[in-house]
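**Q** One line per chain: the protein sequences are A and B, in this order.
Each step along the first sequence adds one to the number in the numbering used here, with nothing skipped, and position 36 is 36.
Each step along the second sequence adds one to the number in the numbering used here, with nothing skipped, and position 673 is 673.
By construction, these hints were calculated from the structure, which means they are not laboratory data.
Beta carbons are placed, not taken as given, at the ideal position from N, Cα and C, and that holds for glycine.
One should not assume that every hint holds.
Unchecked claim - Think about it this way: if two alpha-carbon atoms lie no more than 30 Å apart in a straight line, the pair counts; the simulated BS3-like pairs of lysine-lysine are:
| hint | chain 1 | residue 1 | chain 2 | residue 2 |
| --- | --- | --- | --- | --- |
| 1 | B | Lys-651 | B | Lys-59 |
| 2 | B | Lys-60 | B | Lys-651 |
| 3 | B | Lys-219 | B | Lys-193 |
| 4 | B | Lys-303 | B | Lys-238 |
| 5 | B | Lys-284 | B | Lys-300 |
| 6 | B | Lys-284 | A | Lys-73 |
| 7 | B | Lys-60 | B | Lys-407 |
| 8 | A | Lys-67 | B | Lys-72 |
| 9 | A | Lys-67 | B | Lys-407 |
| 10 | B | Lys-303 | B | Lys-219 |
| 11 | B | Lys-238 | B | Lys-284 |
| 12 | B | Lys-238 | B | Lys-651 |
| 13 | B | Lys-60 | B | Lys-21 |
| 14 | A | Lys-73 | B | Lys-288 |
| 15 | B | Lys-150 | B | Lys-21 |
| 16 | A | Lys-73 | B | Lys-303 |
| 17 | B | Lys-407 | B | Lys-529 |
| 18 | B | Lys-303 | A | Lys-67 |
| 19 | B | Lys-72 | B | Lys-529 |
| 20 | B | Lys-300 | B | Lys-60 |
| 21 | B | Lys-300 | A | Lys-73 |
Claimed, not checked - Derived coverage of chain B by chain A (criterion: at least 3 residues anywhere in the stretch with Cβ under 8 Å from a Cβ of chain A; other residues may be distant):
| hint | stretch |
| --- | --- |
| 22 | 79–93 |
| 23 | 301–308 |
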Amino acid sequence: MPLSMARPGEVVTLVAINAGFGLKRRLADMGLNPGVSLRVIHSQLPGPIIIELRGSRVALGRGMAQKIMVMVKGGA
Amino acid sequence: MGEKKGKRKGKEREQKKGQGKEITIALAGNPNSGKTTVFNNLTGAHQHVGNWPGVTVEKKEGVCRYGDCRIKVVDLPGVYSLTAYSIDELIARNFIVEEEPDVVVDIVDATNLERNLYLTVQLLEMGARLIIALNMMDEASERGYRIDVKHLSYHLGVPVVPMVASRDQGTEELLEEIVNIVGTESTSANCLKIDYGREVEGEIEKLERMVSQTALSRKYPPRWLAVKLLEEDEEILKKFEELDSEEILQAKDRALEHLRSVYGDDVETIIADRRYGFISGLLKDIIKRPPTPRLTWSDKLDKVIVSRWLGIPLFLAIMFAVFQFIFALSGPLMEWISAGFDWLAERAMGISPEWLGSLIGNGIIGGVGTVLTFIPPIFLLFAAIAVLEDSGYMARAAFVMDRLMHKIGLHGRSFIPMILGFGCNIPAIMATRTIENPRDRLITILINPLMSCGARLPIYTLLAAAFFPAHQGLVVFSMYLIGIILAILMASIFRRLFPGPVGHFVMELPPYRLPTARGVLLHMWERGKHFLWKAGTIIVGVVVFVWLLSSLPWGVEYASPDSWIGQLGRIIAPVFGPSGFGDWQAAVSLFFGFLAKEVVVGTMGAIFAVEEGNLGTAIASQLGWTPLIAYAFMVFALLYVPCVAAMAVIKAETGSWRWPALAIGYELTLAWIMATLVYQIGRLLGFG
Numbered sequence: 001m002p003l004s005m006a007r008p009g010e011v012v013t014l015v016a017i018n019a020g021f022g023l024k025r026r027l028a029d030m031g032l033n034p035g036v037s038l039r040v041i042h043s044q045l046p047g048p049i050i051i052e053l054r055g056s057r058v059a060l061g062r063g064m065a066q067k068i069m070v071m072v073k074g075g076a
Numbered sequence: 001m002g003e004k005k006g007k008r009k010g011k012e013r014e015q016k017k018g019q020g021k022e023i024t025i026a027l028a029g030n031p032n033s034g035k036t037t038v039f040n041n042l043t044g045a046h047q048h049v050g051n052w053p054g055v056t057v058e059k060k061e062g063v064c065r066y067g068d069c070r071i072k073v074v075d076l077p078g079v080y081s082l083t084a085y086s087i088d089e090l091i092a093r094n095f096i097v098e099e100e101p102d103v104v105v106d107i108v109d110a111t112n113l114e115r116n117l118y119l120t121v122q123l124l125e126m127g128a129r130l131i132i133a134l135n136m137m138d139e140a141s142e143r144g145y146r147i148d149v150k151h152l153s154y155h156l157g158v159p160v161v162p163m164v165a166s167r168d169q170g171t172e173e174l175l176e177e178i179v180n181i182v183g184t185e186s187t188s189a190n191c192l193k194i195d196y197g198r199e200v201e202g203e204i205e206k207l208e209r210m211v212s213q214t215a216l217s218r219k220y221p222p223r224w225l226a227v228k229l230l231e232e233d234e235e236i237l238k239k240f241e242e243l244d245s246e247e248i249l250q251a252k253d254r255a256l257e258h259l260r261s262v263y264g265d266d267v268e269t270i271i272a273d274r275r276y277g278f279i280s281g282l283l284k285d286i287i288k289r290p291p292t293p294r295l296t297w298s299d300k301l302d303k304v305i306v307s308r309w310l311g312i313p314l315f316l317a318i319m320f321a322v323f324q325f326i327f328a329l330s331g332p333l334m335e336w337i338s339a340g341f342d343w344l345a346e347r348a349m350g351i352s353p354e355w356l357g358s359l360i361g362n363g364i365i366g367g368v369g370t371v372l373t374f375i376p377p378i379f380l381l382f383a384a385i386a387v388l389e390d391s392g393y394m395a396r397a398a399f400v401m402d403r404l405m406h407k408i409g410l411h412g413r414s415f416i417p418m419i420l421g422f423g424c425n426i427p428a429i430m431a432t433r434t435i436e437n438p439r440d441r442l443i444t445i446l447i448n449p450l451m452s453c454g455a456r457l458p459i460y461t462l463l464a465a466a467f468f469p470a471h472q473g474l475v476v477f478s479m480y481l482i483g484i485i486l487a488i489l490m491a492s493i494f495r496r497l498f499p500g501p502v503g504h505f506v507m508e509l510p511p512y513r514l515p516t517a518r519g520v521l522l523h524m525w526e527r528g529k530h531f532l533w534k535a536g537t538i539i540v541g542v543v544v545f546v547w548l549l550s551s552l553p554w555g556v557e558y559a560s561p562d563s564w565i566g567q568l569g570r571i572i573a574p575v576f577g578p579s580g581f582g583d584w585q586a587a588v589s590l591f592f593g594f595l596a597k598e599v600v601v602g603t604m605g606a607i608f609a610v611e612e613g614n615l616g617t618a619i620a621s622q623l624g625w626t627p628l629i630a631y632a633f634m635v636f637a638l639l640y641v642p643c644v645a646a647m648a649v650i651k652a653e654t655g656s657w658r659w660p661a662l663a664i665g666y667e668l669t670l671a672w673i674m675a676t677l678v679y680q681i682g683r684l685l686g687f688g
C-alpha cells in the first residue's frame, strides 16, 4: 500500500518507489531506499506526513507519500 | 552576553600566536548539525560573508589563531550528500577538490549518526583529509547513547573529536587535532573503500582502470570517479564529455546495463543502499542505544504544533507575538536614539556657515538619523528570525503551510524563503536554492519582494506611531499579512503562467532545540550590520543628494515646492492622487526609495528637517494626512518595487534581466491598485 495510507505509529518496510530515476536517487540519498524500515509519526489528511527514518524525522509531501509503496511490519 | 566568552577564548588563542603556518580548513556537515555554531566558536566575530565565485550562494569565512598557526576557516553550505543535484552540494564538493583545504572538519550530530555519517562516508570516498567533530555529545548522552569514539575513529581511520558546540566545549581539542594532522605528512589519499558488492565492484574496477588513464584522475581519486559514473553524476559525466572520453561513457552504459540485468530497477539506489549498509554495520559496533521511546518529547510537541487544526492559527499567533514583542521592546529604545539625534541636529544647525549647518543638521542628521532610529526594531527582527530558525520552528512552519502552498502550486519549502524575506529579501532569495524544481524556485523568487523586509519596517513604525497610536502592533502586523496574502495570490497567477509539475516536498525536521544567545546575537549582528553599512553609504549619499535638491536653485526656501526636489515631486505626484497621497514630498521619497527602502523615511526626514518632535506628527500636520491616507501609503510602500540590491540578486539567481523587470512591472501595478483600492473604498466607508 502507499505510505500515505499507513497510520500514525505503524512501522513499515519500504518496498518500492514509483518515480523517475532522478527522484529515486535523491530519495535514496536521504536514506529512503527499498528495504529500509520506517515509522509513521504523524499523518493527518490532507497534509504532509512525518516519518521516523534512520533516527531522524523527515517530512514528506502527501503526493510524495503516495508514490512510496510500503508493507506493514507492526506497531500502531 | 555570549560574545564575551568567545572573545576571552579568542584572546587565549591569540596569545599563543607567532609567525607560523597558514592552514585552510573547510567545515562540512548536514544542515542542523551545529556547523554554524562550530564556525562561530572558532572564529568569533572575525568572520565575513562573501559570495562563492560565479554563484550568489553566501560564503562565510573567518580566521582564528592557534599555536603558531593562522587558520582560515571556510564554512561550506550545509548538505546531506555530495551529488550534483543542488548548487549547495556542488559548491561543497568543488571546494574540497579544487581548493584542496588542508583539513576538512566534518561536523556530525551525535544524536543522528546514521544520516550524518552518510556525508562523512562520501567525504572519505573523495579522499578528503578529514577530522570528525562529533557534536551534541550532551544531547546524545541525555538520550542514553553510548558512543565508542575510539572505535569510530579506528574504523573510519580519521581523528574524532567529541564536542558540545553550543557550550563551546571541544573547540580547543579540535584546534589541536587540526594542527596535529597538518603537521604530519599526509598519507596520500587514503580513501575509504566501501564494499559495493561483487557485481558492482567488478564494474567499478573496470571503470577505475579506464579512468586512471585520463587527466581527471590527477584531481579526483579514480575509484571515486568510477562510483560517480555509475551514479550518473551529471557534473562528472559532463567532465568526461568535455574530455571526449567516448569509450568511458560507453563503458559506463554497458556497466549499468549489466547491473540492471542483475539488480533490476534497484540499480539506481544500490550505491546509496550499500553506503547506508556500511553505516548500519559500523553503528552496531560503536554505539549502544537504549530502546528508542515511541515518541520523543519533540514528537509530542509536534502533535500540537503541526496539527491540522492548530498549525496555522499557531503560526499566526507566533508571528503576531513576535511583532508585539519587537514593538514593546524597541519603542523606548527608539525614543532615546531619536532624542539623541534631535539634540545633535539642534547643535549642528548652529554651525556656520549656514549652509553647512543645514547640510549636517537637516540633511545628514535629519535623514540618516531618522533611519538609524530604526536600529532596535530591525535588529530585534533579525534576532527573532534567528530564534525561529535555530529552535527548529521554521521547518515546522514550512510543514504546516505545505497544504496551503500546494493549493497555489508550490510546496512547503517555498515558505521558508518567504519568512526569511521578513528580515531581508536578499538572503531570502538566495535561500530559494534549496528548492530543486526550477519553476517552483522562479515563482518563489518572484513573489519574495512582497514579503515585507526589515527596511520597510521604519515606514510602518513611523506612520503607525503617528496615525494609529493605539493599534501600532496590529497595523504593522496587517502589512505583513497583506504581503503574505498577495504573495500567495501572485504565486497562483504565476503558476498559471508557467504551468508544470510541482516539485516534491522532502525535508528533515530537526528536533526542537533551545537557541543559544551567542548564536542568535551573532546572526543578528551579521545581518544587521548590512543595515548599518547601508546607512553609512547609500543612505548618506541619497540624503545629501536630497538635501542638495531641496536647497537648489540658489536662494530658494529649503524644501519648498519651488526647490528642485519640489519640482521633481510635483511631476510624479499626480500619479498618486487617486491613492490619496498626491503630495510631492511623498512622491519623491518613494522615488528615491527605489534605491533602498530605508531611504523613504530618510528622504522625508531630510525634507521635513524636523528639529523637534517627531517626523510622524510633522507629516500629519504639514501634509494633512488622515490615518486612511497613511495606511494607503504604507500599502504602496510595502508593495511597490524590490530595492536595487534585491533586483540585482534576482538577476543573478535567475540569470536574466527579464525576471527583475517582471518583478518591477507587476509590483508597481499591484501597489498602485491596492493603495488606490484602500483609499477609495476607505473613503466610501467614511474613514476620512
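**Q** A separate judgement is required for each hint: does it hold in the structure or not?
**A** Checked hints:
1. Lys-651/B - Lys-59/B: Distance ~19 Å between Lys-651/B and Lys-59/B Cα, so the pair holds.
2. Lys-60/B - Lys-651/B: Distance of about 22 Å is within 30 Å: holds.
3. Lys-219/B - Lys-193/B: holds, 18 Å
4. Lys-303/B - Lys-238/B: Violated, at roughly 46 Å.
5. Lys-284/B - Lys-300/B: OK: Lys-284/B and Lys-300/B at ~28 Å, within 30 Å.
6. Lys-284/B - Lys-73/A: This hinted pair holds, its Cα atoms lying about 22 Å apart.
7. Lys-60/B - Lys-407/B: Violated, at about 36 Å.
8. Lys-67/A - Lys-72/B: violated, 45 Å
9. Lys-67/A - Lys-407/B: holds, 19 Å
10. Lys-303/B - Lys-219/B: Given pair Lys-303/B, Lys-219/B is violated - Cα atoms ~49 Å apart, limit 30 Å.
11. Lys-238/B - Lys-284/B: Outside the cut-off at roughly 39 Å; violated.
12. Lys-238/B - Lys-651/B: holds, 26 Å
13. Lys-60/B - Lys-21/B: holds, 21 Å
14. Lys-73/A - Lys-288/B: With a Cα-Cα distance of about 24 Å, the restraint between Lys-73/A and Lys-288/B holds, given a limit of 30 Å.
15. Lys-150/B - Lys-21/B: holds, 29 Å
16. Lys-73/A - Lys-303/B: holds, 23 Å
17. Lys-407/B - Lys-529/B: violated, 38 Å
18. Lys-303/B - Lys-67/A: holds, 25 Å
19. Lys-72/B - Lys-529/B: holds, 22 Å
20. Lys-300/B - Lys-60/B: violated, 36 Å
21. Lys-300/B - Lys-73/A: With a Cα-Cα distance of about 23 Å, the restraint between Lys-300/B and Lys-73/A holds, given a limit of 30 Å.
22. 79–93: Satisfied; 4 residues make the cut.
23. 301–308: holds (count 5)
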